[in-house]
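There are 2 protein chains.
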Amino acid sequence: MSKEKINKQNALNAIRKKLIGKTLNYKEIYSIMDEIAKQRLGQVLTTYFAASGYSQGFTNQELYFLTKAMIETGEKLHFKGIVADKHSIGGVPGNRTTLIVVPIVAAAGFLIPKSSSRAITTSGTADDMEILAPVVLSKERILQIVEKVNACIVWGGNFNIAPADDIIINVEKELMFESFDKIIISIMSKKIAFGSTHVVIDIPYGNTLKVEHLKDAEILKTKFEYIAKKFNIKIKVIIHRTDQPVGRGIGPVLETKDALMVLEQAPDRPFDLEVRSITLAGNLLELCLKDSSEKLKKHVKDIYGDCTGWATKLLKEGIALNKMKEIISEQGGDPNIKSSQLNPGKHVFEVKAERNCLIREINSKNLTLLARALGAPGQKKSGVYLNKKEGEKIEKDDTICTLYSENMYNLTEGKKTIKEFPVFGFNE
Amino acid sequence: MSKEKINKQNALNAIRKKLIGKTLNYKEIYSIMDEIAKQRLGQVLTTYFAASGYSQGFTNQELYFLTKAMIETGEKLHFKGIVADKHSIGGVPGNRTTLIVVPIVAAAGFLIPKSSSRAITTSGTADDMEILAPVVLSKERILQIVEKVNACIVWGGNFNIAPADDIIINVEKELMFESFDKIIISIMSKKIAFGSTHVVIDIPYGNTLKVEHLKDAEILKTKFEYIAKKFNIKIKVIIHRTDQPVGRGIGPVLETKDALMVLEQAPDRPFDLEVRSITLAGNLLELCLKDSSEKLKKHVKDIYGDCTGWATKLLKEGIALNKMKEIISEQGGDPNIKSSQLNPGKHVFEVKAERNCLIREINSKNLTLLARALGAPGQKKSGVYLNKKEGEKIEKDDTICTLYSENMYNLTEGKKTIKEFPVFGFNE
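Protein chains in written order, with our numbering: chain R, 1 to 428; chain U, 1 to 428.
Hints should not be assumed to be uniformly reliable.
As the list claims (entries may be wrong) - The calculated lysine-lysine pairs, modelled on BS3-like cross-linking and capped at a C-alpha distance of 25 Å, are:
hint : chain 1 : residue 1 : chain 2 : residue 2
1    : R       : 215       : U       : 236
2    : R       : 298       : R       : 313
3    : U       : 27        : R       : 419
4    : R       : 346       : R       : 298
5    : R       : 365       : U       : 5
6    : U       : 215       : U       : 236
7    : U       : 80        : R       : 8
8    : R       : 27        : U       : 236
Think of the hints as simulated: they come from the structure by calculation, not from any bench. Predicted, not measured: the structure shown is a model, and the values here were computed from it.
Generate the whole structure from the sequences, applying the supplied hints.
Now the structure itself:
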């Protein structure tokens with residue numbers, strides 16, 4: 001039997017072992033990751049592996065082994081000194097803080113090479129950034145860009161960084177569901193392979209999000225901290241309850257427009273997105289500052305008070321916007337793009353209020369379904385604009401939200417979907 | 001959202017629910033089976049479903065619901081009166097009792113329309129029967145044949161009998177592993193949809209078989225009895241320990257040759273296969289006789305003593321062989337075929353003993369791997385002939401087994417495989 005066949009046999013045995021609830025050692029886990037990374041396992045067996053972690057999950061040590069194997073079966077990037085990164089766990093529609101946090105942190109002088117994923121649900125940061133500039137870049141080009149402007153926002157699946165992850169994500173997409181353990185492995189392997197040393201993880205939880213309960217968020221936090229420690233990474237995990245989407249636009253173009261408006265400090269920018277971004281940037285700067293020179297620490301304290309003040313200043317004074325323009329330019333986009341130039345699809349439908357009432361809640365899962373029905377993320381200009389949000393009063397015939405699509409077929413699908421899966425809950 | 005999309009969404013939700021270890025109701029299970037049966041679920045989601053039962057298994061009620069849904073989402077066959085059937089749980093190489101039991105029971109006067117599967121591992125009964133006659137027949141033709149000669153041996157996957165089962169088996173094939181629960185569902189749904197009323201289930205267990213431990217065999221037995229009762233089917237489950245393959249040939253042609261030799265009562269026939277077949281046929285006849293006329297009961301008692309005697313007589317006097325010829329002829333094969341005409345592949349390699357010793361054990365799993373490496377079941381003439389079996393003494397340079405393949409490449413693969421995964425354990 002050839003070496004390749006033996007490897008595959010070992011991976012197969014390991015998958016079967018895990019499926020019946022047993023614990024795997026590093027050799028077994030490596031054999032699975034290696035087969036996946038080399039694209040030899042095939043879709044069915046990859047799915048069996050993806051499924052094997054759902055019911056009983058993985059031990060902490062298995063989580064570590066999986067993350068390690070996912071890194072080791074791909075390439076790694078190396079940068080000098082502090083390398084910052086942030087990640088928000090998905091499920092919150094419109095949560096495009098990355099496009100704001102990255103330029104703030106880069107403007108503060110830290111390296112923040114950001115690799116993002118394509119959407120598992122409605123839109124990923126990579127899908128959004130692609131509106132502004134190419135996100136599929138070579139390893140060499142990324143190293144050049146980061147050296148020049150401190151940051152990049154690229155798609156992580158282009159070259160061989162934790163290659164098994166994207167292959168597994170492909171089978172998870174069909175299920176529209178990622179296990180908590182897989183979320184950790186996926187995030188941490190990408191971060192570590194990308195050379196990150198200081199990482200902020202944002203875990204929003206709430207009724208219709210990926211993480212529903214505080215208890216689950218706390219379990220995730222502990223596991224993230226465990227993995228970070230194993231790899232000697234500084235980490236801060238922020239847990240907060242969220243009941244509604246961030247910003248008003250859902251779908252690549254609409255989300256990117258929201259983020260640009262915050263960077264431009266446009267008067268009608270979404271303030272919730274701004275506040276969330278400053279909070280995350282402040283926390284990430286604080287984590288990085290702890291390992292910086294005493295001189296820098298004193299400078300920040302004297303001038304800005306604290307890191308939140310620092311982040312706020314960089315945003316308010318347009319320094320973050322200029323940094324974003326540098327990043328866009330280096331990645332090959334047009335640095336002079338304005339939020340006002342980003343327009344959603346031509347096929348439009350306004351959802352009107354049937355009576356006077358108050359929006360009690362927005363169902364994020366159904367909002368995601370709606371955006372998908374409209375064509376997002378494949379159709380970049382398709383999506384939903386929330387004219388009204390939670391807690392807002394509405395009168396009969398007010399527009400509650402606007403559906404946009406690149407074509408008529410998807411607009412019709414969207415109209416049907418919002419009837420079947422209501423997005424808004426009302427109080428009389 | 002269209003009705004089809006809602007159905008798919010329901011199935012998706014049910015799969016996710018089961019993956020995280022929750023129990024499903026009939027509506028949820030039906031939605032999954034319906035999507036699979038209509039070939040709308042796709043390979044990845046079907047695999048997630050197949051995987052969902054591995055770790056925590058299903059409750060008895062879920063097992064019943066799964067079996068029922070698998071039947072209801074396909075066609076059913078109806079026959080009058082007693083309809084016999086038998087099934088041996090796989091993993092025992094060469095266990096081709098079906099080709100012997102079916103003609104015995106049919107010769108006794110009971111209906112036994114047998115639907116068999118293709119191989120999940122080395123060879124299925126359908127693969128073997130195909131050596132003798134076509135096994136892909138229409139529903140109408142099957143009804144005609146059974147009416148005329150009491151029996152048939154066909155492939156169950158041709159028409160719409162429990163269609164979800166074959167689709168699930170296709171994803172399980174890649175894993176080379178079926179869960180115990182899935183075995184029960186798969187067997188019982190096919191039997192019930194095929195109109196069976198009296199069923200014998202044979203559960204061999206042993207170190208290198210599908211069922212390794214007596215405890216597991218007993219759990220399976222209880223579950224089989226539960227499902228049978230729910231559907232008002234008479235069942236007898238036979239558990240027995242087995243340490244080695246049945247017969248000497250492994251692979252479609254070699255196994256079929258073994259079975260024909262028993263029917264022909266050839267002097268050098270494999271006696272273990274004969275004894276096993278008579279035991280199963282005897283048990284099945286006994287189950288059927290219980291619900292037969294008092295006249296028949298008395299006749300059997302007076303002439304044959306008991307049902308084992310009855311089965312033995314039908315085999316020894318060539319009545320079963322004649323019945324098999326009728327079946328072969330009706331299915332479109334050549335009824336005059338002789339075992340001596342069945343010859344394995346031209347590429348041959350004899351494995352010789354390196355010293356005098358005794359065969360302590362045969363590893364069924366490795367024997368299966370070996371037969372696959374040689375090209376079985378795709379190559380019907382490929383396989384292994386066991387010149388020596390467990391407990392037999394061998395002298396240096398004796399042929400222990402013979403590898404056959406239809407081509408040189410697979411013969412070489414086979415030679416490598418037997419070195420890596422030894423089939424025989426020796427005592428000095």
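Each hint, compared with the structure:
1. R:215 to U:236: Distance of about 49 Å is beyond 25 Å: violated.
2. R:298 to R:313: holds (17 Å)
3. U:27 to R:419: holds (23 Å)
4. R:346 to R:298: violated (52 Å)
5. R:365 to U:5: Holds, because 16 Å separates the two Cα atoms, which is no more than 25 Å.
6. U:215 to U:236: holds (18 Å)
7. U:80 to R:8: violated (49 Å)
8. R:27 to U:236: violated (44 Å)
Comparing the model with each earlier hint shows violations of hints 1, 4, 7, 8; every other hint is respected.
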